[in-house]
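Engineer: Dock the two chains into a complex; use the hints.
Going down the list, the sequences are from chains U and F.
The working numbering numbers the first residue of the first sequence as 1 and each following residue consecutively.
The working numbering numbers the first residue of the second sequence as 1 and each following residue consecutively.
Hints are computed from structural coordinates only; laboratory data are not their basis.
Wrong hints could be hidden among the right ones.
As the list claims (entries may be wrong) - With a straight-line cut-off of 27 Å between C-alpha atoms, the simulated BS3-like cross-links for lysine-lysine are:
#1 U:K192 with U:K56
#2 U:K192 with F:K18
#3 F:K46 with U:K162
As the list claims (entries may be wrong) - Using C-beta positions, here's what the derived DEER-type ranges look like:
#4 F:N63 with U:T57: 49 to 55 Å
#5 F:K195 with U:P244: 55 to 61 Å
#6 U:R304 with F:I233: 33 to 39 Å
All residues carry an ideal CB built from backbone N, CA and C; glycine is no exception.
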Amino acid sequence: MRRSAFRRSRGDVPFRFASTGAGIVLLAIMAAIGVFLVVKAVPALQANTSNFLTEKTWTPNAVEPQFGIAALAFGTVLSSFLALIIATPVAIGVALFISHYAPRRLAAVLGYVVDLLAAVPSVVYGLWGVAFLVPFMRGPSEFLNTYFAWIPLFGGDQVVGKSMLTASIVLAIMILPIIAAISREVFLQAPKMQEEAALALGATRWEMIRMSVLPFGRPGIISAAMLGLGRAMGETIAVALILPATFGISFQILGPNGNSIAANIANGFGEATTIGRGALIASGLVLFLITLVVNMGARMIIARRKEFARAA
Amino acid sequence: MTTVQTGIQPISTSRRVKDRVVQALVYLAFAIAVVPLLSVLWLVVKNGLARFDLEFLTHSMRNIGARDAGGGAYHAIIGTLEQVLFASLIAVPIGLLTAVYLVEYGSGGRLSRWISFFVDVMTGVPSVVSGLFVLAFWVLALGMPFSGFAGAMALSILMMPVVVRSAEEMLRLVPNDLREASYALGVPKWRTIVKVVLPTAFTGIVTGVMLAVARVAGETAPLLLTVFFTDSINNNPFNGPQMGLPLYVFDQAGRPTDTAIDRAWTGALTLILIVMLLNLVARLIAWWRSPAKRGS
Numbered sequence: 001m002r003r004s005a006f007r008r009s010r011g012d013v014p015f016r017f018a019s020t021g022a023g024i025v026l027l028a029i030m031a032a033i034g035v036f037l038v039v040k041a042v043p044a045l046q047a048n049t050s051n052f053l054t055e056k057t058w059t060p061n062a063v064e065p066q067f068g069i070a071a072l073a074f075g076t077v078l079s080s081f082l083a084l085i086i087a088t089p090v091a092i093g094v095a096l097f098i099s100h101y102a103p104r105r106l107a108a109v110l111g112y113v114v115d116l117l118a119a120v121p122s123v124v125y126g127l128w129g130v131a132f133l134v135p136f137m138r139g140p141s142e143f144l145n146t147y148f149a150w151i152p153l154f155g156g157d158q159v160v161g162k163s164m165l166t167a168s169i170v171l172a173i174m175i176l177p178i179i180a181a182i183s184r185e186v187f188l189q190a191p192k193m194q195e196e197a198a199l200a201l202g203a204t205r206w207e208m209i210r211m212s213v214l215p216f217g218r219p220g221i222i223s224a225a226m227l228g229l230g231r232a233m234g235e236t237i238a239v240a241l242i243l244p245a246t247f248g249i250s251f252q253i254l255g256p257n258g259n260s261i262a263a264n265i266a267n268g269f270g271e272a273t274t275i276g277r278g279a280l281i282a283s284g285l286v287l288f289l290i291t292l293v294v295n296m297g298a299r300m301i302i303a304r305r306k307e308f309a310r311a312a
Numbered sequence: 001m002t003t004v005q006t007g008i009q010p011i012s013t014s015r016r017v018k019d020r021v022v023q024a025l026v027y028l029a030f031a032i033a034v035v036p037l038l039s040v041l042w043l044v045v046k047n048g049l050a051r052f053d054l055e056f057l058t059h060s061m062r063n064i065g066a067r068d069a070g071g072g073a074y075h076a077i078i079g080t081l082e083q084v085l086f087a088s089l090i091a092v093p094i095g096l097l098t099a100v101y102l103v104e105y106g107s108g109g110r111l112s113r114w115i116s117f118f119v120d121v122m123t124g125v126p127s128v129v130s131g132l133f134v135l136a137f138w139v140l141a142l143g144m145p146f147s148g149f150a151g152a153m154a155l156s157i158l159m160m161p162v163v164v165r166s167a168e169e170m171l172r173l174v175p176n177d178l179r180e181a182s183y184a185l186g187v188p189k190w191r192t193i194v195k196v197v198l199p200t201a202f203t204g205i206v207t208g209v210m211l212a213v214a215r216v217a218g219e220t221a222p223l224l225l226t227v228f229f230t231d232s233i234n235n236n237p238f239n240g241p242q243m244g245l246p247l248y249v250f251d252q253a254g255r256p257t258d259t260a261i262d263r264a265w266t267g268a269l270t271l272i273l274i275v276m277l278l279n280l281v282a283r284l285i286a287w288w289r290s291p292a293k294r295g296s
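So that you can see chain F by itself, here it is in the shape it has in the complex (with noise of 0.2 Å):
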C-alpha cells in the first residue's frame, strides 16, 4: 500500500503558533477596547442612580452650597435642550444646503472641492477653539452678553460638517434615474431637488441629524467659554449667563464634596441616557430603512 504523494505538506508549527498568538492579540485588544467603555457605564449607573429622583429633574441649584444636600440640574436640562434647538436651527440649514451644493451643483469643480476639504479640516476644529472664536466674535469684538444662544452657535460649528457629510453621503445614495426621470417630465432643478432627492434621502439625512446633536449635546468645553455659568433658571437663550448639563456635570466634579460629586454622576447619567437615546433612535431609523435590511 503506497500513500499517495500531494505535495502539501502540513503547516510548520512555528506558523501555527504565530497564527495562533496573533488570534489571541486580537481578540485581547477588542477586550481591551470594551472594558472602559463596561467601566464607565457601570460607574455612571451605581452612582447616579442615588440622586436621580424627581427633585434632581425639578430643581435648580439656586442658594445650594456645594455642602447642602439636594438641589439638581433642572436649569441645566432647559439650557441644554435650548442650546442644542438653535444650534440645530443654524446649523442644518447651512449644513444640507451645502451637501446639496456638493452633489448637485458642484460636480467636482474648485469651489466644490475647496468646500469639500474645509468640511473635512472643520471636522477636525477642536471644540474649545469653536468656543474661544465665539468668544472673540460674539462676546468681545460685538459686545454681545454670554448666552445659550452664543452657545449655540459655538455648537453649530461643530455640527455643520458632520451634517454636511452624514446628508452628503445620503443624497449620493439617490438613484440618478430617479432625477432623470423628474427632468424628462419638465421638472426645474430646484424642484426635483425639493421633491425627489430630498424626500428619498430624507431618513438617512434625520438619521445624520440626529448623531450629530448627539454629539454635540455632550460638549462642554465651547459652552463654558459663551454660556459661561449660572445656578439659576434662565429660560432666556438670548441674555445672560445659562447652563448646560456637561457644564454642570463639570462644575459640580470640580467642587470637593461627596454630595456634589453625587449631583454629578447624576448629571453624568442624564447626560448619558439623552446621548445614548438620541443615538439609538438614529441607528434605528437608519436600520429600519437600510436597503440591505429590505432585501432580505
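Extracted from the complex, chain U is given alone in its bound form (with noise of 0.2 Å):
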C-alpha cells in the first residue's frame, strides 16, 4: 500500500511540473514578444528625427532617419475595413447556406470546400491577385471610376489595377472562411424548438432565420468579424505584393496608393540597415498591439456568448 502511494508521487509531480510548465511557457511567449519588440524598437525610435505617430514618409535607412506610422497605420486600417466590408455579407450567407439552406447531406462537404480558401497559402493568393486579379480589375475600376466618382472613394484622375481596392478583394477572400467558420457554428446553435416555432405558426423560412437565428447569432457574427479583420491586419505577403506600396494618406481606392504595415515590412526587410530593421520592428510592435486589441475584444464577446448558451 505505502509503496504504491509513494510511486504515485514520484511519477505524478514531474508530470504535472512539465504540463504547467508548458502553459506558463505559452505565457512567457506572449509576454516575450511584447517585450523583445519593444526592447529592439527604442534605439531606432531614439534615433528617429521625426514623430512616430504622425510622419508619414519612411526613410530610416537615411543618415538622417525620417519615419512614422501614420501612413501606415491609415492603409492597414482602411484595406482590412474594405476588406471586412466585402467579406462579412458573403460570409453570412455562405454560412446560412450550409446551416439553413444546403441539403442535409451536402452540407459537410460544402463546408469543408469553404475551409479549403482558407487551406491557400496566402502567397498563391498574392501570386493570383498580381498574375489574374490586378489585370482583370482595371475594367470594373474604370468603370467605378467613370460614374461612381461622386463617391469620394472612387474618385481620383488615376486609375490602376495594383490598388487599394484590389488588395481589399484579395484580403476579403482570405479572411471570408473564418467569418464563415464560425457563424456557422453559430446559427447551427440555435435553438431549435424556436425555429421550429416559428415555422408552425407559418412564417417562411427567411422570416425564421430573421427572427431566431440571426439574433441568437448576433454576438457570434460580431466576433467573427473582429477575427477576421484581425486577420486581414496581419496579412503580409498577399497585399505586399499587390500593394503599389506609397506613403501617403489618400481615400481613393482605385489609384496608384496605399502601403500597409505588414507589406511595408515585408518589401523594406530587404534592404533595411539596423536603424531600418529598429524601424520595421517598432512598426510591427504597433501592429501587434492593433490585433491584441481586435481579438481579445473578439475573445471577450465570445466567451461572454458562451456563458450564456450554457446557462440557458
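Structural biologist: Have a look at this one:
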C-alpha cells in the first residue's frame, strides 16, 4: 500500500510540473513577444528625427532617419475594413447556406470546400492577385471611376489595377472562411425549438431565420468579423505583392496609392540597416498591439456568449 | 356545398417573394465564395504544370538568373521540410502538454483561464509579428545567424495555439468513465493520462497536428524575416540562410520575367499539393475515426 502511494507521487509531480510548465511557457512567449519588440524598437525610435506617430514618410536607412507609422497604419486599417465590408455579407450568406439551406448530406462537404479557401497559402493568393486579379480589375475600376466618382472612395484622376481595392478584395477572400466558419457554428446552435415554433406559426424560412437565428447569432457574427479583421490586418505577403507601396494618406482606393504595416515590413526588410530593422520592428509592435486589442475584444464577446449558452 | 373555414390564409405574395429573394441571395453568396477558389486552383494547375518536371524538383536556383530558363525549387522543398519538421518538434510537445494541463490539471483555476484566454489571443498573432519577434530575440539580441531553425521557431509560435486548441478538444471528448476505471485500478494519474487518455484521443490529436502543419507550411512572412533568401542548397538548418517553398514563390513572383513567373506558378502548385495533401489526410483520419461515422 505504502509503496504504490510513494510511486504515484514520484511520477505525478514531474508530469504535473511539465504540463503546467508548458502552459506557462506559452504565456511567457506572449510576454516575450511584447518585451523584445519594445527592446529592439527603442534605439531606432530614439534615432528617429521626426514624430513616429504622425510622420508619413519612411526613410529609416538615411543618415538622418525619418519614419512614422501614420500612412502605414491608415493603409492597414482602410484595407482591412474594406475587406471586412466585402467579406461579411458573403460570409453570413455562406454560413446560412450551409446551416439552413443546403441539403443535410451536402452541407458537410460544402463546408469543407469553404474551409479549403483557408488552406490556400497566402503567397498563392498574392501570386493569383498579381497575375490575374490586377489586370482583371482594371475594367471594373474604370467603370466605378467613370460612373461613381461622386463617391469619394471611387474618385481620383488615375485608375490602376494595383490598387487598394484589389488588395482589399484579396484580403476579403482570405478572411471569408474564418468568418463563415464561426458564423456557421453559431447558427447551428440556434435553439431548434424557436425555429420550429416560428415555422409552425406559419413563418417563411427567411422570417424564421430573421426572428430566431440571426438575433441569436448576432454576437457570434460580431466576434467572427472582428477575428477576420485581425487576420486581415496581419496579412502580409498577398498585400505586399499587390499594394503599390506608396507613403501617403488617400481615400481614393482606385488610384496608385496604398500600403500597410505588414506589407512594408516584407518589402523593406531586404535593404534595411540596423536602424531600418529597428524601425520595422517598431511598426510591427504597433501592428501587434492593434491586432491584440481587436482579438481580445472578439474573444471576450465569444466567452460571454459561451456562458450565456450554458446558462440557457 | 360549403367550404370548411380553417382560418388559415395562404402566405401573401410579398412574403413569399421576400423569402425567395433571400434564398437566391444565400445561394449567390455561396457561389461568390467558391468562384475565387476555383479560379485560384485552375490558374495554379494550368500555369504550374508548364514547369512541373523533374528538373524543377531536383535542381536549385544556383547560377540561374531571372531571365534564364530551367532552375528548380529543390533547395526550397528541402528547406520547407526541415523548417516544418523542427517547428513541429518544438510546438507539438509544448502544445500537447499545455492541452493536458488545461484538461487534466487546470480544472478552471485562474492560471488555466489565463492560459486558455491567451491561447486564443495567440491564434490571432499576425505571422509577420512572430517573425519579427524571432528576428529581435534570436538574430538581433542573441546574435545568431539567419537559419532554418530560426524560421522553425517563428513557425512554432503560429503552430502552438492550433495544436493546443485541437488537442484540448480531443482530450475533452475522452469519456470520464475511462479515467475513473483507471483510477479505480490504482493507476496513478500521470500513467492514466499517458496510457489511457492520450491513446484514446490519439487520432484526433494527429489530425489537429497535421492541420497545424498545413497552416504553417504555407507561411511566408515569418520565413522572410528569419530564414532570409538563398539560391543554393543548404541542408544545414542551424547555420546560414535557407529557402522555403512559400519564400521561393514570393521571390520568383517579384521578378519581372516570364520564366521567373512560370517558376513561381510551379512553386505555388507544389506548395498547394503539399498543403492540400496534409489537409486531406488529416480530414480522412478524422472522418474515419469519427464516432458519428461508426454509429451509422
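Engineer: Hints first: check each against the structure and report whether it holds.
Structural biologist: Structure-based check of each hint:
{"no.": "1", "hint": "U:K192 with U:K56", "verdict": "violated (53 Å)"}
{"no.": "2", "hint": "U:K192 with F:K18", "verdict": "holds (23 Å)"}
{"no.": "3", "hint": "F:K46 with U:K162", "verdict": "holds (23 Å)"}
{"no.": "4", "hint": "F:N63 with U:T57: 49 to 55 Å", "verdict": "violated (38 Å)"}
{"no.": "5", "hint": "F:K195 with U:P244: 55 to 61 Å", "verdict": "holds (59 Å)"}
{"no.": "6", "hint": "U:R304 with F:I233: 33 to 39 Å", "verdict": "violated (52 Å)"}
Against the hints set out earlier in the document, violations occur for numbers 1, 4 and 6.
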